[in-house]
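Which chain is which? The protein sequence lines are A and B, in order.
Numbered by this note's numbering, the letters in the first sequence go through residues 105 to 229 in order.
Numbered by this note's numbering, the letters in the second sequence go through residues 105 to 229 in order.
Intra- or inter-copy, both count: the list cannot distinguish identical chains.
In silico DMTMM-like cross-links for lysine to aspartate or glutamate, where the CA-CA straight-line distance does not exceed 25 Å:
(1) K187 <-> E128
(2) K189 <-> E145
(3) K144 <-> E181
(4) K206 <-> D136
(5) K187 <-> D136
(6) K187 <-> D123
(7) K215 <-> D180
(8) K215 <-> D182
(9) K157 <-> E181
(10) K158 <-> E145
(11) K206 <-> E181
(12) K189 <-> E128
(13) K187 <-> E137
(14) K206 <-> E137
(15) K189 <-> E221
(16) K215 <-> E181
(17) K206 <-> D180
(18) K206 <-> E138
(19) K187 <-> E138
(20) K158 <-> E138
(21) K206 <-> E145
(22) K144 <-> E210
(23) K115 <-> E145
No lab work stands behind these hints, which were simulated from the structure alone.
There are 2 protein chains.
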Amino acid sequence: MKEGKEKGDKKLIDAIVQDYETDEVLMLAHMDEEALRLSKETGIAHYWSRSRKKLWRKGEISGNEQLIQAIFIDCDEDAVLLKVKQIGGACHMGYRSCFYRKITGEIVGEKVFEPEEAYGSEGEK
Amino acid sequence: MKEGKEKGDKKLIDAIVQDYETDEVLMLAHMDEEALRLSKETGIAHYWSRSRKKLWRKGEISGNEQLIQAIFIDCDEDAVLLKVKQIGGACHMGYRSCFYRKITGEIVGEKVFEPEEAYGSEGEK
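Chain A with its partners taken away, still in its complex shape:
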């Protein structure tokens, strides 16, 4: 795989996450080499958190895991597309998708859980 964006010494690729049944785009995350390897080996989505600077298994706190059904790679080999079965919601704000707002601010997404109950005070993105 070609090297993607750099963040310090860390090479990251973009990961678009899409519901495998409805085709709704759920979120955008980033992967280092280890996150991609673990995602492929376990079938559960792993990412690199740019804000927390650590490997992150989606749902490790909330239980909102993503079960990978297929992985596609783009022409430039610096982005992947995951088709997943999303448990609960993808967004740490409690919505099914992180793209729950139009750019005008209008909320159009579906809230499916309460962040405080899922994450406690710690939060997870």
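With the hints as your guide, set chain B onto chain A.
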């Protein structure tokens, strides 16, 4: 909008592009402030090319424009989702989507044009 990834002094956000009718994910690109402004004002997708370090109107050479039907923004405000009417194909390799391969290498996408005819020798991404 919050600042996204930095590339030198350039603040970029990610832009996921999705077919507004079929929900197929077509490509991932990046936008600076001007690209987002022009996209909103004209209704035609504009991006920042990281490789060519310049503003880029998708389809400016090939004619494969993206007519924006809706723009969504994510929870962290560092990524947008464009729902577009894609003229021709999104991928500079001639496919409808840049994600025309499984990560195993198997080609699953639909080739809809010949890159040489669309771009000549110059190429466009």
